[in-house]
Amino acid sequence: MEEKAFESRVDLSALNASVTRIREEIGKVIVGQEAMIDLLITAILADGHVLIEGVPGVAKTLTAKLLSRIISVKFSRIQFTPDLMPSDVLGTSVFNVKKTEFEFKAGPIFSNIVLIDEINRAPAKTQAALFEVMEERQVTIDGTTYPFEYPYLVVATQNPVEHEGTYRLPEAQLDRFLFKITVGYPELLQEVSILANHHRRRGTVALDEVNPVLTVDQIRQVREAVQQIHIEENLVHYIASIMHETRNNPALFLGASPRASIAILNSAKAYAAINGRDFVTPEDIKYIALPVLRHRLVLTPDKEMEGVTTDEVVRQIVDKIEVPR
Amino acid sequence: MNITRSFFFLFLLTLAAGAYAQEAPAPETAIDTLVDAVVEAEDDDKVPEVAPPDDSTVIRARSMDPARLRQMQEDPEMDYGQDSPAVVGLWDRLMMWLVMIIRWLFFMGESTDWGNVIVGILVVGILTYVILRLLKIDALNMLRSKSRSTLHHTVLEENIHEMDFDKLIADALADHAYRLAIRLTFLYSLKLLSDRQHIHWEPGKTNHDYLRELSVAELKTGFRELNFYFENAWYGNFAITGEHYQRVNNIFNTWKTNLR
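Taken in sequence, the protein lines are chains A and B.
Counting along the first sequence from 1, when you hit position 251 you're at 251 in UniProt numbering, and nothing is skipped either side.
Counting along the second sequence from 1, when you hit position 175 you're at 175 in UniProt numbering, and nothing is skipped either side.
Treat the hints as calculated values from the structure; they're not laboratory data.
Among the hints, a few may not be true.
In silico BS3-like links for lysine-lysine, alpha-carbon gap of 30 Å or less [stated by the list, open to error]:
1. K167/B <-> K220/B
2. K65/A <-> K105/A
3. K125/A <-> K105/A
4. K320/A <-> K191/B
5. K205/B <-> K220/B
6. K191/B <-> K167/B
7. K28/A <-> K167/B
8. K74/A <-> K125/A
9. K205/B <-> K320/A
All chains should be built: construct the whole structure from the sequences, respecting the hints.
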């Protein structure tokens, strides 16, 4: 195959080098889960928040902490609990006796990467406090707006909803997550590698082995490169057709929002970039559609009773829409 | 005997004491004296005069305009004794008929066994319908056979099995539309793979899905190359020359010889 016939029109060398290093660094700790790592990198490039879902003990929190480790920015962690108040997350005005005035004490949400552990353990009141944070990257308290520093990324983990002591996240909040990545149990050989790695480290903390890869300037640079990725008009129609189908599918009570369309567009570009292409293919869109849509769609009650999942419906939809050629 | 006499004597003594108590006047109290004085004063019309408050308000007597009064008296809306005429429209008649039917049904339900059954079925049916409507459940759909994997593809704009590729490619080359010519060559390869059942053609599948389906190594290599050129030309929007097309055509012709 002649590789030089079509040279990339966008300089993706720095991006590809960074992606390779990120994969290497995360691979030091996480065994397997290549798809999840690729989606996390895609989310960083597409400037989107990530929701990681899985049963306890499958390295959700560790993955989120690793992500914060490979980017040289500020990091904070919030453990969501049922009694957590919005002011515990956002911050609050405190009266300063010396100055005889109120002053704002910023909450843990003021950071670059915020790990919200077990996000579905807090009630809707606290979840609602994250709406402005996640969409506009700012927070308004007592009439004053406080913008966050660049970059800003929320990585949340959650246990499946059927577990005790959890709340279902509001649709408005779910829509603000670019991806929902589901983490399953490892394969047999992967489990053996996990045990071997743990034994090899002999008690040392896994996170210490991971080195930072990206700086703020580098993130800005690679994101600009992603924005230059080409997408053909017929592929834009392809994305729109998928979205349209979610809104008319009889199995779905709630279809995908225009925000989801934009999410697919941006992530497909980022996914093409990390695969070394400066243009999007239908393969990218099909691959990205599942993590973008699975948490945004709501099934009809009868489909839920039948045991159908949104993953199945998304797969049916993308298999149904004709790939443009 | 003596005891009987004693009781009789006590009885007479009790009766005599009661009679004396009824006849004896009650001793006069201070209140009784005061009441008697007031009664005497009233009888003599000797009510003490009380001076009225000093009031200089001018009191004007108001009277209603007779014409206005007459007008109001003649106004039928002011006549509260008049009954409104009963207007029974089509809707009212329909509702009355429905009420009559329901009453009849419930009467039958109370009076006969089979009526009871009908009413029960109706109530259960209505309740089920309301619940299903509220939950937006398509009950009929649930009763149908569940064929989850059945896909209904959207109508194809192009059907590769009906296209005359030789002619279309020749036309594209005549127009120097090399990008289109590469696309048509790739679609032609898909048609050939489908005709020879190397792949199962479905419009929703991507090129990489077909690559994964291919089991013959020689076909896979050539098809991957064709796909590379097609993707760069069609999705990548690179500038395509006749030289590019010629390369694709050579790959295609070599690849085609491996098809069985």
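Status of the hints after comparison with the structure:
{"no.": "1", "hint": "K167/B <-> K220/B", "in the structure": "26 Å, holds"}
{"no.": "2", "hint": "K65/A <-> K105/A", "in the structure": "25 Å, holds"}
{"no.": "3", "hint": "K125/A <-> K105/A", "in the structure": "20 Å, holds"}
{"no.": "4", "hint": "K320/A <-> K191/B", "in the structure": "19 Å, holds"}
{"no.": "5", "hint": "K205/B <-> K220/B", "in the structure": "16 Å, holds"}
{"no.": "6", "hint": "K191/B <-> K167/B", "in the structure": "15 Å, holds"}
{"no.": "7", "hint": "K28/A <-> K167/B", "in the structure": "56 Å, violated"}
{"no.": "8", "hint": "K74/A <-> K125/A", "in the structure": "26 Å, holds"}
{"no.": "9", "hint": "K205/B <-> K320/A", "in the structure": "9 Å, holds"}
The structure shown violates just one earlier hint, number 7.
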